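Residue numbers (UniProt numbering), protein chains in the order written: chain A, 1 to 204; chain B, 1 to 204.
If you're looking for bench data, these hints aren't it; they were derived computationally from the structure.
Now the stretches of chain B that chain A is said to cover, found in silico as 3 or more residues with beta-carbon under 8 Å:
1. 48 to 55
2. 59 to 71
3. 83 to 90
4. 95 to 102
5. 105 to 113
6. 118 to 125
The structure presented is a predicted model; accordingly, all values stated were derived computationally and were not measured.
Glycine included, every Cβ here is placed at the ideal spot set by N, Cα and C.
There are 2 protein chains.
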Amino acid sequence: MILHDFALSSASYRVRIVLNLKGLDYEKRSYALRAGEQRAPDYLAVNPAGLVPALEVNGLRLGQSLAIIEYLDAVYPEPRMIPADPIERARAMEMALTIACDIHPLNNLRILKYLENDLGQDQAAVDTWYRHWVEAGFATLEQLLPDAPYAGGDAPNVVDACLVPQMYNARRFKTDLTPFPRLAAIADHAAAHPAFATAAPPPL
Amino acid sequence: MILHDFALSSASYRVRIVLNLKGLDYEKRSYALRAGEQRAPDYLAVNPAGLVPALEVNGLRLGQSLAIIEYLDAVYPEPRMIPADPIERARAMEMALTIACDIHPLNNLRILKYLENDLGQDQAAVDTWYRHWVEAGFATLEQLLPDAPYAGGDAPNVVDACLVPQMYNARRFKTDLTPFPRLAAIADHAAAHPAFATAAPPPL
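This is chain A alone, in the form it adopts within the complex (with noise of 0.2 Å):
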């Protein structure tokens, strides 16, 4: 199994989270994505989005963090990551796309260059971008999600593994959290758990 990786992608780091919880081994490969590594032809021919993650899995190759995630909980169902009642799963496939589908496509690097790059937008307005849809997203989550330990209840579960890379990534913008408290103690307790720690990227 190959994992088309970068440390600071919030959608890899997802993927990482859930190897780990599952105890899967596998060979990773990164990718500078400043340099743009990504779209370089020999990748492309792995994922044609020139995007990370993508996973080399029993001779398939997958981009998008969330159908590697419901993937590997179909073939490797143990832990589960996303819960087979069809009412729970609902719930919580709300919530892992409130993550990836309101906040994380705003605020990857791709956006963030193009801010800069192609509307001139200077640092401080790249920043107050960042923190809107973090902040719109984040207060949706807090209303969402349950009073348990993990976002999965009492074990973590795909919520989680979104949840974490995108505190992480929401930290390193400085946004203020203390409106989430919720949101802030279940990210905390799951990033302590060793399956999160050893797929994080370095400390900030």
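Since the structure of chain A is already known, use the hints to place chain B on it.
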């Protein structure tokens, strides 16, 4: 079943397509997004994200179009929107998420308004932004899509339900579609299906 909706919202349009394909009756409540009706307290009680769509179904209140579609598929399985086989499922989700994570979040109304109002960008810069991200995502999809009448093969699935709204949107912003012949053929074929046609916003 109540769908909280906005005709031009791509994410709502996805859910309308799936409800039609499954032959489910629903009541539609519309929100004027430009006027901010989705931020009214009554609606925030339904969906704390303050976004459309949200679906009230079987006592649940669910946000996030893909979570809604996955729930509907679990509870009303015919016709299937997301394949059951893990590999086919992963392939379908990779394509659906390419639209739902890599294209649509960058191009929906709240983002275009932020570019205009908060970053002082003119219409030409906003249109260039729009087309930049839709073209990047469509280039990926052009390679991932099957050589088949629908993205789902012989019948439409979740990918078609994401693709047709994104295509409507791309045409609204006058995107050049000549580099994407396979994608355009699939999207046009699916758009002509009665379940898709009935879900469509007003013609461009």
